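Asker: Now for the letters of each chain:
There are 2 protein chains.
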Amino acid sequence: MSKNPIESIQLPSNAPIPLYLNLYGQLKDLIENGQLESGSKLPSIRTMAKNLQVNTVTVIKAYDLLERENLVKKHVGQGTYVSPGTSFEEALEVEQDVPGLEDRPDQAKTYNFASLSPSPELFPVAEIKEYMNRVLEKDRGLAFSYQESQGYLPLRKTLLKPLQENGIHTSEDKIQIISGGQQGIDIIARVLLEFGHCVLVEEPTYPGALAVFQGRGAQVMSISMEKDGVNMDELEEKLKKFKPRFFYAMTNFQNPTGCTYSSEKKKQLLELAQKHNFYILEDSYLEELDYSPFLGNKTPVSPSLKSMDRQERVIYLKSFSKILMPGLRIGFLVLPEPLKAGVLNAKHAADISTSGLIQRTLKLYLDSGRWKNHLNKIKKEYFQRYEILRDFLKSQEEYLDFYDPCGGLSFWARLKVNMSSDQLAEQARIRGVKIASGAHFTSYSKPNPFFRLSFAGINCPRIREGTAILKEILENYSSFPDEYTPLI
Amino acid sequence: MSKNPIESIQLPSNAPIPLYLNLYGQLKDLIENGQLESGSKLPSIRTMAKNLQVNTVTVIKAYDLLERENLVKKHVGQGTYVSPGTSFEEALEVEQDVPGLEDRPDQAKTYNFASLSPSPELFPVAEIKEYMNRVLEKDRGLAFSYQESQGYLPLRKTLLKPLQENGIHTSEDKIQIISGGQQGIDIIARVLLEFGHCVLVEEPTYPGALAVFQGRGAQVMSISMEKDGVNMDELEEKLKKFKPRFFYAMTNFQNPTGCTYSSEKKKQLLELAQKHNFYILEDSYLEELDYSPFLGNKTPVSPSLKSMDRQERVIYLKSFSKILMPGLRIGFLVLPEPLKAGVLNAKHAADISTSGLIQRTLKLYLDSGRWKNHLNKIKKEYFQRYEILRDFLKSQEEYLDFYDPCGGLSFWARLKVNMSSDQLAEQARIRGVKIASGAHFTSYSKPNPFFRLSFAGINCPRIREGTAILKEILENYSSFPDEYTPLI
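These protein sequences, in sequence, are chains A and B.
The first sequence begins at 1 in the numbering used here and counts up one residue at a time.
The second sequence begins at 489 in the numbering used here and counts up one residue at a time.
Okay, chain A solo, but in the shape it has when bound (with noise of 0.2 Å):
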């Protein structure tokens, strides 16, 4: 490779791609391939059009385009550079986290308040080994086959009754079994999103999908989320702007903010669906962890979108990694039927099929009451450590103020007071305290006052001594330095 990496990026104008979009993408495969280091200065907007011999705006809009993917930082009046890693390798930290013991020594003596992955104490090990046996002692070597890229038909069928449960009514055929919710956005975008394409996201959302949705190369608007569901004016205006193939929504408990779709907008967005022609992509990943029972007079969630779905709009998507074990790689997709044939052969393209010693010990561990008391189980302890978070955050009033989503891992908090949740993050941090800033959830992720405090996986007493440390900090606020300036 050239000693300078920049020198080899060629425009050749009868390129099948606009010369930006080209400049774009070689300059992106550089940083993505390790060429152009985190940190390296990019050439000035006039160097590279001279070079290149192409107008600046071609310029400017690859690096617009960089600078959207948080693949290069513009600095005022000192030039781009190539950002240190992309958002979504520190996001992926954020979210899939493992509040380790023996594997991750460095991480026992941290408080882990950003993290979404749920204690490996509260995992039906013993349950799930039992019924893995089973499986292994009845059928052999044909759990370890190849399985039907659409996934072990008696597990399809065994999943119809939650489904039914909840007021979703569907056959085998139109579920695809996929390797957990990750997967089944990827194989979604794979299957609705060509170069070019528009796709929608709540701001602020799930940054795993943004990176999806990123590397197919499609524009991702972003709609801003309100307590009762995102904005339906600037939805509407955006439908109609970009024609956008799908929306991807968490209509419960929605990542990060908590918030859950009144039953109104989930009404208006299947309307607006039919009439727009676009399907919306419903990532149902802990839906179940609803705790208005024991709240008394709080109404529970309203139904998930899919089960109000007649005109097939809506790609229902369920992950067993938050409300079972994270490791199963498993969950599924409930399909329209124009869909199946597309996304069968997504499904197989990205990893031929799901592990079918896992897809056969799930039959068996869903068909056993067992499933049940699990889900109780956890709701419990979850409760439990919702209280003591959310009686934390109202003590800080003075700070922050807060959303109380009655359900869910998380809490998405505002800083009232002139820092950013950065600022926050970082002193915590150095303190042994891990929260998410809300940089994380943006698809162009400049310093907010947000931040998300997951409970998901740290128990009650470390909640207690974690947030203990986070009350010195934000009682302290006022000695770090002062550089902010709020933008919201």
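These are computed hints drawn from the structure, not numbers from a lab.
Check the hints yourself; a few may be wrong.
[Stated by the list, open to error] With a Cα cut of at most 25 Å, we get these calculated BS3-like pairs of lysine-lysine: (1) K529/B to K549/B; (2) K174/A to K61/A; (3) K626/B to K597/B; (4) K267/A to K243/A; (5) K73/A to K828/B; (6) K867/B to K715/B; (7) K828/B to K867/B; (8) K129/A to K340/A; (9) K363/A to K731/B; (10) K394/A to K363/A; (11) K243/A to K61/A; (12) K394/A to K416/A; (13) K129/A to K728/B; (14) K731/B to K828/B; (15) K138/A to K617/B; (16) K340/A to K529/B; (17) K562/B to K538/B; (18) K828/B to K662/B; (19) K828/B to K109/A; (20) K865/B to K138/A; (21) K934/B to K617/B; (22) K275/A to K265/A; (23) K363/A to K379/A; (24) K728/B to K715/B; (25) K340/A to K561/B; (26) K562/B to K529/B; (27) K828/B to K645/B; (28) K649/B to K828/B; (29) K763/B to K662/B; (30) K882/B to K860/B; (31) K828/B to K41/A; (32) K763/B to K726/B; (33) K377/A to K626/B; (34) K138/A to K562/B; (35) K372/A to K394/A; (36) K471/A to K109/A; (37) K129/A to K561/B; (38) K617/B to K129/A; (39) K904/B to K934/B.
From a predicted model like this one, the values you see are computed outputs, not experimental measurements.
Take the given structure of chain A and dock chain B to it, following the hints.
Answerer: Just chain B now, kept in the frame of chain A:
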């Protein structure tokens, strides 16, 4: 959706991609999501051009791209029709069909020479079960937590020894654990292939790879296979012309031909990779199944490309599906330094991480001596099957010739008589015998005289029964509908 889906197509002149690519993309979507049904006729080129007010060349180019992906077929004088399912859908049947028992009663009476899926009765189920239980007793919940996306560190360290024994000297930080070989191909495509990039493949090749590359919107160029590897003149010519990002190659026991690259061609390949600045994705899916030791006078297969790679040009892809058990869904990549970061992100976007339970179990299994015993056991069994099938093919030289791979799990044969392998496959199917016709392994699936006979999933007695049926069919070929004119 509108009555006639074609009417939904719009070609705004301000779209970010050329008109023909835009049209191609929209038609592809309509076909893949089922709105344009199999067998339905596309508008004539003139009509389409007229309705969309574009040049006929635009439509011709779009239809050509669709045909290259087998999404449509042109019938001279009749027009262009949507293909009956993509050849990929059939192809996956061919590659990963489970020689099923309880699971697939329909399969019980077929003689499956089509599938490359190994026989479940050869799987070391009891041993894997034992180690799986050890893991669950030792690691408990951690086995079901999210794992590092790069893979369980102790497993990556364990893999270094067998690699070293095969002349590949690397370090654990260059190893990426993946959920099977197919995912490895997909992940490399995500990192190296953007829309419009060129990738080289062998002709014929593994259809699962074609599907991935076409799914990325890449330009797939194929190089003819010869007995000692691809045609080097053709390769060099296409390297200059198309500047590919990488070359997907199976250098030992290539699928489907069974050919193994000579050391000379392997050396040349590495020199060309350095000279023309491209990577080689070396798919080592059954390198181990080398029967030359049993065959006495033969020399064993030459070492892998990766073991000769001094410039970090080779991405080594290893799957355990064929040599251990497909259902484990596990494999690994050995990466050039510059690709590590991009691959890690792509893996995370694909499915976050590979099952921790499987990774931990495999680690224990590989550490035990049992892994080598298993390899020796299956090699002996497969060699017996190989000999029976080879002797059958020799006895049919009046009707066909074939290549003797001296390893692997299949033979590549060519009909000498006036019938296509599709015709042979159809006649065989009627008699309960499955073979893989050559059309499955080319990017354009035209009838041709080649076919693959695999002995992965069929034991010796059934090989004898199945080949007896094939013998009868070949002897009666002259009675077949005679509508085939050989291509080669």
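Asker: Against each hint, give a clear statement of whether it holds in the structure.
Answerer: Structure-based check of each hint:
1. Between K529/B and K549/B, the direct Cα distance comes to roughly 17 Å. Compliance with the 25 Å bound is thereby established for this hinted pair.
2. For the given pair, K174/A sits about 42 Å from K61/A by alpha-carbon distance, which is inconsistent with the 25 Å threshold.
3. Proposed proximity of K626/B and K597/B is contradicted: the alpha carbons are some 43 Å apart, above 25 Å.
4. Between K267/A and K243/A, the direct Cα distance comes to roughly 20 Å. Compliance with the 25 Å bound is thereby established for this hinted pair.
5. A distance of roughly 22 Å separates the Cα atoms of K73/A and K828/B; the hinted pair therefore holds under the 25 Å criterion.
6. Distance hint between K867/B and K715/B is fulfilled; the C-alpha atoms sit about 23 Å from each other, no more than 25 Å.
7. Distance check on the hinted pair: K828/B and K867/B sit about 34 Å apart at the alpha-carbon level, beyond 25 Å; violated.
8. Between K129/A and K340/A, the direct Cα distance comes to roughly 33 Å. Violation of the 25 Å bound is thereby established for this hinted pair.
9. Taking the CA atoms of K363/A and K731/B, the gap is near 49 Å; set against the 25 Å cutoff, the hint is violated.
10. The hinted pair formed by K394/A and K363/A fails the criterion: a straight-line CA distance of about 42 Å is larger than 25 Å.
11. The straight-line distance between the Cα atoms of K243/A and K61/A is roughly 21 Å, inside the 25 Å bound, and the hint therefore holds.
12. For the proposed pair K394/A and K416/A, the alpha carbon gap of about 13 Å is at most 25 Å, so the pair holds.
13. Our distance criterion of 25 Å between C-alpha atoms is broken by K129/A and K728/B, whose separation comes to about 56 Å.
14. With a C-alpha separation of about 22 Å, the suggested pairing of K731/B with K828/B holds against the 25 Å cut-off.
15. Restraint check for K138/A and K617/B: the C-alpha separation of about 12 Å stays at or below 25 Å, so the hint holds.
16. Between K340/A and K529/B the alpha-carbon distance is near 21 Å, which keeps this suggested pair within the 25 Å criterion.
17. Among the hinted pairs, K562/B with K538/B is consistent with the structure: their alpha-carbon atoms are about 20 Å apart, no more than 25 Å.
18. This hinted pair checks out: K828/B and K662/B have alpha carbons roughly 7 Å apart, not beyond 25 Å.
19. A threshold of 25 Å between alpha carbons decides the hint, and for K828/B with K109/A the separation of about 29 Å lies outside it, so the pair is violated.
20. Our distance criterion of 25 Å between C-alpha atoms is met by K865/B and K138/A, whose separation comes to about 24 Å.
21. Distance hint between K934/B and K617/B is unfulfilled; the C-alpha atoms sit about 45 Å from each other, more than 25 Å.
22. Only pairs whose Cα atoms come within 25 Å are accepted, and K275/A paired with K265/A is accepted, the gap being roughly 15 Å.
23. Simply put, K363/A and K379/A have alpha-carbon atoms about 22 Å apart, close enough for the 25 Å limit, and the pair holds.
24. Note on K728/B and K715/B: the hinted pairing holds, with a Cα-Cα distance of about 24 Å set against a maximum of 25 Å.
25. The suggested pairing of K340/A with K561/B holds, with an alpha-carbon distance near 22 Å, which does not exceed 25 Å.
26. Simply put, K562/B and K529/B have alpha-carbon atoms about 10 Å apart, close enough for the 25 Å limit, and the pair holds.
27. In summary, the hint linking K828/B to K645/B is supported, as the alpha carbons are separated by about 16 Å, within the 25 Å threshold.
28. With a CA separation close to 21 Å, the supplied pair K649/B and K828/B stays within the 25 Å bound.
29. In summary, the hint linking K763/B to K662/B is supported, as the alpha carbons are separated by about 23 Å, within the 25 Å threshold.
30. A hinted pair counts as satisfied when its Cα atoms are at most 25 Å apart, and K882/B with K860/B does not qualify at roughly 32 Å.
31. As the CA atoms of K828/B and K41/A are separated by approximately 21 Å, the hinted pair is consistent with the 25 Å bound.
32. A threshold of 25 Å between alpha carbons decides the hint, and for K763/B with K726/B the separation of about 14 Å falls inside it, so the pair holds.
33. With a CA separation close to 24 Å, the supplied pair K377/A and K626/B stays within the 25 Å bound.
34. A threshold of 25 Å between alpha carbons decides the hint, and for K138/A with K562/B the separation of about 49 Å lies outside it, so the pair is violated.
35. Between K372/A and K394/A the CA atoms are separated by roughly 32 Å; this puts the pair beyond 25 Å, and the hint is violated.
36. Distance check on the hinted pair: K471/A and K109/A sit about 18 Å apart at the alpha-carbon level, within 25 Å; holds.
37. For the hint pairing K129/A with K561/B, the CA-to-CA distance comes to about 50 Å; that exceeds 25 Å, so the pair is violated.
38. A hinted pair counts as satisfied when its Cα atoms are at most 25 Å apart, and K617/B with K129/A qualifies at roughly 10 Å.
39. A distance of roughly 17 Å separates the Cα atoms of K904/B and K934/B; the hinted pair therefore holds under the 25 Å criterion.
Of the hints listed earlier, those the structure fails to meet are numbers 2, 3, 7, 8, 9, 10, 13, 19, 21, 30, 34, 35 and 37, in rising order.
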